[in-house]
Amino acid sequence: NRSEAEDMIQNLKDFEEMLGAVGVQVIFGNNFMYCLIMFIPVLGPFYGSYVLYSTGRVLSAIGSAAGTDPLLLFASLFIYPHAWMEYISYSLAISESFWLLYSLSKYRLEGFRRELTNASKAVAVCAVLLLLAAFVEVSLMQFAPT
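Convert by adding 22 to the 1-based position in the sequence shown; the result is the number in the working numbering.
If you are wondering where the hints come from, they were derived from the structure by calculation, not from laboratory data. Don't take each hint at face value.
Derived Cβ-Cβ restraints for the label pairs, each shown as a range [to be verified]:
(1) Ile110 with Ile62: 14 to 20 Å
(2) Ser117 with Gly89: 35 to 41 Å
(3) Val48 with Phe165: 17 to 23 Å
(4) Asn52 with Leu95: 34 to 40 Å
On a predicted model such as this, the values are computed, not experimentally measured, just so you know. Even for Gly, the Cβ is constructed at its ideal location relative to N, Cα and C.
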């Protein structure tokens with residue numbers, strides 16, 4: 023509803039003000055924490071779906087307050103490179119959670135241990151991508167008109 027959308031918009035504005043002081047650390051830390059949870063077998067894909075749902079709610083609130091279509095808002099996010107980097111990281115994390123579960127169920131503990139080496143490489147790739155995404159996002163926010 024309209025009041026819930028306005029509350030979300032106000033929270034978003036407060037968050038943007040805070041980002042001016044500690045931008046990259048907060049964005050990277052927040053996104054990396056979400057990403058690490060998505061690596062957990064069984065829980066990760068459900069948590070990733072919840073994160074996507076929450077993002078959709080915020081976009082819907084912004085669209086409602088601005089009088090624009092939330093789907094158009096969602097599609098326009100992918101103009102920015104940081105959105106692609108975050109999307110790839112989250113997709114990689116959720117995929118690896120499935121691989122960990124598959125390895126555990128098919129090859130038991132030995133296969134799970136082998137897959138953990140792949141998971142650690144995926145975590146490192148996600149960390150680099152999310153750090154780059156945070157730098158890009160903060161840079162875009164600094165140059166964006168207010």
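A quick look at each hint next to the structure:
Distance hint check: the CB atoms of Ile110 and Ile62 are about 19 Å apart, consistent with the given range 14 to 20 Å. Between Ser117 and Gly89 the C-beta distance comes to about 37 Å, which sits within the given range of 35 to 41 Å. In this structure, Val48 and Phe165 meet the distance hint of 17 to 23 Å, their C-beta atoms being roughly 19 Å apart. Here the CB-CB span from Asn52 to Leu95 is close to 20 Å, at odds with the stated 34 to 40 Å.
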